[in-house]
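Sequence order for the protein chains is A and B. Taking the numbering used here, the leading residue of the first sequence gets 245, the next gets one more, and so forth. Taking the numbering used here, the leading residue of the second sequence gets 11, the next gets one more, and so forth.
I should point out that these hints are in silico values taken from the structure, not numbers from a laboratory. Since we're looking at a predicted model, the values are computed, not measured. No residue lacks a Cβ here, since even glycine has one placed at the ideal position from N, Cα and C. Certain hints may be false.
Stated by the list, open to error - What follows is a set of in silico ranges between Cβ atoms, one per label pair, in the way DEER data are often shown:
no. : chain 1 : residue 1 : chain 2 : residue 2 : range
1   : B       : Arg226    : A       : Ser387    : 40 to 50 Å
2   : A       : Gly274    : B       : Glu135    : 27 to 37 Å
3   : B       : Glu149    : A       : Gly500    : 18 to 28 Å
4   : A       : Pro283    : B       : Gly307    : 40 to 50 Å
5   : B       : Asn151    : A       : Gly374    : 23 to 33 Å
6   : B       : Gly307    : A       : Ser386    : 36 to 46 Å
Unchecked claim - Simulated crosslink set (DSS-like; lysine-lysine; CA at most 27 Å straight-line):
no. : chain 1 : residue 1 : chain 2 : residue 2
7   : A       : Lys502    : B       : Lys362
8   : B       : Lys359    : A       : Lys390
9   : A       : Lys502    : B       : Lys64
10  : B       : Lys359    : A       : Lys490
11  : B       : Lys24     : A       : Lys489
12  : B       : Lys61     : B       : Lys303
13  : B       : Lys216    : B       : Lys303
14  : B       : Lys362    : A       : Lys489
As the list claims (entries may be wrong) - Derived coverage of chain A by chain B (criterion: at least 3 residues anywhere in the stretch with Cβ under 8 Å from a Cβ of chain B; other residues may be distant):
no. : segment
15  : 248-260
16  : 282-295
17  : 326-336
18  : 440-451
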Amino acid sequence: MIIRNTDRLLVQGITGKQGSFWTERMQEYGTRVVGGVNPKKAGTECCGVPVFGSAVDAMKNGGEFDVSILFIPPLGAAKAASDAMQAGCKKLVCLTEHIPVRDVMNMMAEAAEHGTTIVGPNTAGLVTPGECFVGFMPAFESSIFKPGNIGIISRSGSLGTLMCLNTVQAGYGQSAFVGIGGDPIIGTTTLDALKSLDNDAKTEGVVIVGEIGGSMEEAAAEYAATMKKPVIASFIAGGSSPPGKKMGHAGAIVMGNKGTYQSKKIALEKAGVEVLPTPSGLGAALKNSGIKAN
Amino acid sequence: MNFEEFAAKPLLAKAGIDVPPSRLVTDAAAAGSACEEIGPVVVKAQVPTGKRGKAGGILPAGSAAEAESVASKILGMSIADHLVEKVLVEAQANIKQELYAAILNDPASKGPLIMFSDMGGMDIEEIAEEKPEHLVRHEVNIQTGPDGALLKKDIDSLVPEGVSSDAVAELLLKLYNAYADNDAELIEINPLAILEDNSLLALDCKFVLDDSAIVRQTEISANGTPDKLTGRELAAAELDLKYIDLDGNVGVLANGAGLTMTTMDVVTHYGGAPANFLEIGGEAYTKATDALKLMLGNENIKSLVVNFCGAFARTDVMTEGVVNAWLELKPEIPVFFSIHGTGSVDARKMLKERLDMTSYETMDEAIQAAVAAAGPFTGGAS
């Protein structure tokens, strides 16, 4: 799940305030935006690219794309995703938070049918420093993102940003940042992202940024024990959160004995992964990893 | 959003699943007259929590007088901190055996999951752990819906003698409709009773509405039980801010769910106790002024840490909100900033110019300073 500057991007919802603001940031950074979608503004131009009536229309009429990003409100997201998948989209980045879970499950079923990889919902997106980004991450902030050899996976945009900052402060850079999203049901899991970083030529080590709720970190830990590259460290947010409460993210909730901090910490440590008590410990972990900053 | 039994059972009835005749009442006399109409009953406390039976909140009554006396015992009780203000007076059933049925959104298969067991009345987590052979997990393709024949095959070995697998599968298909039509996160019948005449009857129901679907389920959401919120949590909900009261003394203001949880964790790591969860990320990041005002209403707060790491949310916009609120409210407590990410150069400059304050270089330094300033934490609010 790594984005490249050769990937052609379609922006669904390009004409909205956030859609156009972030499209411009992505273009400035090197992302290859080929078009946008707004059924009401088909035939016009936005951010220097053509606006199509649908993703299917874009694919047929000169806006061929590989990846699509959704700047679409919650109740319209499933329909927009379906449009992209019918057009033949192979990677779909869904930023939208608060999509009804039923719609998310429908998106996932359709993705399985079409062979589409979905990132999110409720993700801040993907960054390949020095190359391109898809989402609303501050890729252009040189104090946070720098080309390098560390892959970072995060359920949270804000905490992921902090971990990237700590990486750069320690003298390292990132091969890729994979924001997977804070919803309970998401397309690309921690495990999926870990596998793709394990197979990425530029990545020499991985950092897993998780949080309470669900069992994705546990599943990823099993793989971490067997993979070619080291998982240098992990930070799991929510250790001090009260059980039974949704901590901002719909997926960040401890129910009974499920989704606890302890369960994730034990699984990761069993796989030989250091679980940091504070994100600031990342610098020392990187320096102790034996991986050289490049 | 949780639905109590009295609000959940009508969803079953609407889907064609049998439930006992019942009446919802708020005083003991009405419980008596309900019993007179219905016959022998069970009087059940209506509170948004499980374990009602163990707490003495579910009692049988054979006569109107008994129902009245039982109801007067239950009304006014406190079960897991919930005051019992209403009881469901429901017809007794001749139970032969108890089953379990539920449908939920399953993150592992990314689709609906039907769960069925012949060990009704038990907690599902207990069944899964102690008697996994008594639990069937049937994954559903959401686009086609459940396949009755496959479902029947899966549950067949657990359906007790005397009852047909067809009847149970048919009930599960009806339950699936109730789940799908109402945007359930979970719908559970426990116990699902087999009566002496081998018919099926839903004796209890738990329904959780997907919070993200409340906007399109306005008709039923009116019957759900809103979370029990503190005054500040209610005010925050009205402002569309994610806020949770905690019982510590270090106020936490951060952007994004992950960073806010982390700030709480690091406060705890350095021996402090967070007073709240308050995030102003996502679309709410312009609401720093409102957020700060709300938070400062908590008199337990002895120091404040503001931790911003801008991505989507710009730190200059958030910091401006905090600075404005600070100048307006002039709070006496010390505040410690950690500002990084999008807009941080402007944010730090603003902080210096307008408040003569400096952001710490790292989040840990800001948090350690806040914990030290708050002083030892001596216990909860009460």
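Against the structure, the hints:
no.: 1; hint: Arg226(B) <-> Ser387(A): 40 to 50 Å; verdict: holds (42 Å)
no.: 2; hint: Gly274(A) <-> Glu135(B): 27 to 37 Å; verdict: violated (49 Å)
no.: 3; hint: Glu149(B) <-> Gly500(A): 18 to 28 Å; verdict: holds (22 Å)
no.: 4; hint: Pro283(A) <-> Gly307(B): 40 to 50 Å; verdict: holds (45 Å)
no.: 5; hint: Asn151(B) <-> Gly374(A): 23 to 33 Å; verdict: violated (42 Å)
no.: 6; hint: Gly307(B) <-> Ser386(A): 36 to 46 Å; verdict: holds (39 Å)
no.: 7; hint: Lys502(A) <-> Lys362(B); verdict: violated (45 Å)
no.: 8; hint: Lys359(B) <-> Lys390(A); verdict: holds (24 Å)
no.: 9; hint: Lys502(A) <-> Lys64(B); verdict: holds (23 Å)
no.: 10; hint: Lys359(B) <-> Lys490(A); verdict: violated (35 Å)
no.: 11; hint: Lys24(B) <-> Lys489(A); verdict: violated (30 Å)
no.: 12; hint: Lys61(B) <-> Lys303(B); verdict: violated (38 Å)
no.: 13; hint: Lys216(B) <-> Lys303(B); verdict: violated (38 Å)
no.: 14; hint: Lys362(B) <-> Lys489(A); verdict: violated (37 Å)
no.: 15; hint: 248-260; verdict: violated (count 0)
no.: 16; hint: 282-295; verdict: violated (count 0)
no.: 17; hint: 326-336; verdict: violated (count 0)
no.: 18; hint: 440-451; verdict: violated (count 0)
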